[in-house]
Amino acid sequence: MLTSDADDNGAWQAPAGGSTGGEWDLSGNTGTDPASNFIGTIDQTPLNFRSANSRGLQLAFQWRYVTADSIGYSMNILGGHACNSMQDWAQGCTIGGSGQTVWDATGFHDYPNKVADGFGTVAGGVINIAGDESSSVADAICATVGGRNLNNASASSSAVVDRLRLVLPRDKEDVLTW
1 MLTSDADDNG AWQAPAGGST GGEWDLSGNT GTDPASNFIG TIDQTPLNFR
51 SANSRGLQLA FQWRYVTADS IGYSMNILGG HACNSMQDWA QGCTIGGSGQ
101 TVWDATGFHD YPNKVADGFG TVAGGVINIA GDESSSVADA ICATVGGRNL
151 NNASASSSAV VDRLRLVLPR DKEDVLTW
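Residue numbers (this note's numbering): 1 to 178.
None of these hints come from the bench; they were simulated from the model. All figures in this text were calculated on a predicted structure; none of them were measured in a lab. Be a bit skeptical, because a hint or two may be false.
Cβ pair distances, simulated, as ranges [as the list claims (entries may be wrong)]:
| hint | residue 1 | residue 2 | range |
| --- | --- | --- | --- |
| 1 | Ala11 | Ala68 | 42 to 48 Å |
| 2 | Asp139 | Leu2 | 38 to 44 Å |
| 3 | Tyr73 | Asp110 | 28 to 34 Å |
| 4 | Ala11 | Gly56 | 17 to 23 Å |
| 5 | Ile71 | Leu47 | 38 to 44 Å |
Note that the Cβ used here is the ideal one computed from N, Cα and C, for glycine as well.
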């Protein structure tokens, strides 16, 4: 069975006294019920998947106040390099992957991707930003960056695909720029 210590270090261990039937089997499981048999958390602690002791994927429940009398909640999916990030309180965000740390003669340098507003997406690449990085996580929602590098989709419902920028303002008048 897979166990973890207080520092989230995982280890496979044989169950004491033999198999109880409740553990996940490396060769597959049968008769599972998704309501009671799952890999995950039951509190608001994010679930991290690591390789070489570095986070490669994080699933995080996120909620925030929408109005004075309502809250919204969604899952954030944070993939790729551990330097990738999402703005606190932004929800419904996705980073598909990439980001990197590079070492040269001056030291280590992070080249992250970031989602700065709710419901934003960065598919991959490096140094890409979906959102406008202001103090609000709701003023540039639904921004999308397709990938590559040094791209910023900084308006609501805007999209950047490499050097081709498609901006869809709130009034829905399409603007295409190169």
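Going down the list of hints, with the structure as the test:
{"no.": "1", "hint": "Ala11 / Ala68: 42 to 48 Å", "in the structure": "46 Å, holds"}
{"no.": "2", "hint": "Asp139 / Leu2: 38 to 44 Å", "in the structure": "42 Å, holds"}
{"no.": "3", "hint": "Tyr73 / Asp110: 28 to 34 Å", "in the structure": "29 Å, holds"}
{"no.": "4", "hint": "Ala11 / Gly56: 17 to 23 Å", "in the structure": "18 Å, holds"}
{"no.": "5", "hint": "Ile71 / Leu47: 38 to 44 Å", "in the structure": "21 Å, violated"}
Hint compliance for this structure: hint 5 alone is broken.
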